[in-house]
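Novice: Chain by chain, the residues:
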Amino acid sequence: KQEVTQIPAALSVPEGENLVLNCSFTDSAIYNLQWFRQDPGKGLTSLLLIQSSQREQTSGRLNASLDKSSGRSTLYIAASQPGDSATYLCAVMNYGGSQGNLIFGKGTKLSVKP
Amino acid sequence: GAGVSQSPSNKVTEKGKDVELRCDPISGHTALYWYRQRLGQGLEFLIYFQGNSAPDKSGLPSDRFSAERTGESVSTLTIQRTQQEDSAVYLCASMKGGRPDTQYFGPGTRLTVL
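Note that the protein sequences, when read in sequence, are chains A and B. Just so you know, we're using the working numbering here: the first sequence kicks off at 494 and counts up by one. Just so you know, we're using the working numbering here: the second sequence kicks off at 55 and counts up by one.
Wrong hints could be hidden among the right ones.
[To be verified] Derived DSS-like pairs: lysine-lysine, alpha-carbon spacing no greater than 27 Å straight-line:
#, chain 1, residue 1, chain 2, residue 2
1, B, K69, B, K111
2, A, K494, B, K111
3, A, K561, A, K599
4, A, K494, A, K561
5, B, K69, A, K561
6, A, K606, B, K111
7, B, K71, A, K561
8, B, K111, A, K535
If you are wondering where the hints come from, they were derived from the structure by calculation, not from laboratory data.
Extracted from the complex, chain A is given alone in its bound form (with noise of 0.2 Å):
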């Protein structure tokens, strides 16, 4: 059974640094991954998909890594903003799961200070 571990679960850091939150799961037989932002009463945002294929993927200040035989991505964030402030979802689709559904973590809450 695929499990996705978050690390730290909160984060709380200076506006302007670079920070890093980490994703693992079990099961590396993997369709993709994916990173998103969830703000409260606001739904989730998706950020960064990554294909099973692929090893990064890069959306401005954001950028996501993939390794997939040994079951980690990492999201790193430049230059980190107060707006930046929401928790971080990591969520992987499994091949032949149930047909395209997601697996979630648990989240990591990162707070930006200015």
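Given the structure of chain A, go ahead and fit chain B onto it with the hints provided.
Specialist: Relative to the frame of chain A, chain B by itself:
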């Protein structure tokens, strides 16, 4: 264009009552998912619809939970005889379908069972 919408945004009900939650997916998206997020927990998959195929109900926690979708449009999730442990945010997501891709989430319905 319009994103995924859900209604109501908040629902408070008494234990034992039935509730119905609604999801309007992005137009043209053939795949639709329901997830549940209980306080302090990760998102849990509930049910998946793909076009006119039989839904994948493998994530439904009990027979009190059911969902319907007419074609590729609106979906309703019904919880009968609600229990306090059903209190959660219920999230709906849609995906273009055809092959695994980004899932787009609605803002969720926060259900509180007293």
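Novice: Taking the earlier hints as the rules, which of them does this structure contradict?
Specialist: 5, 6 and 7
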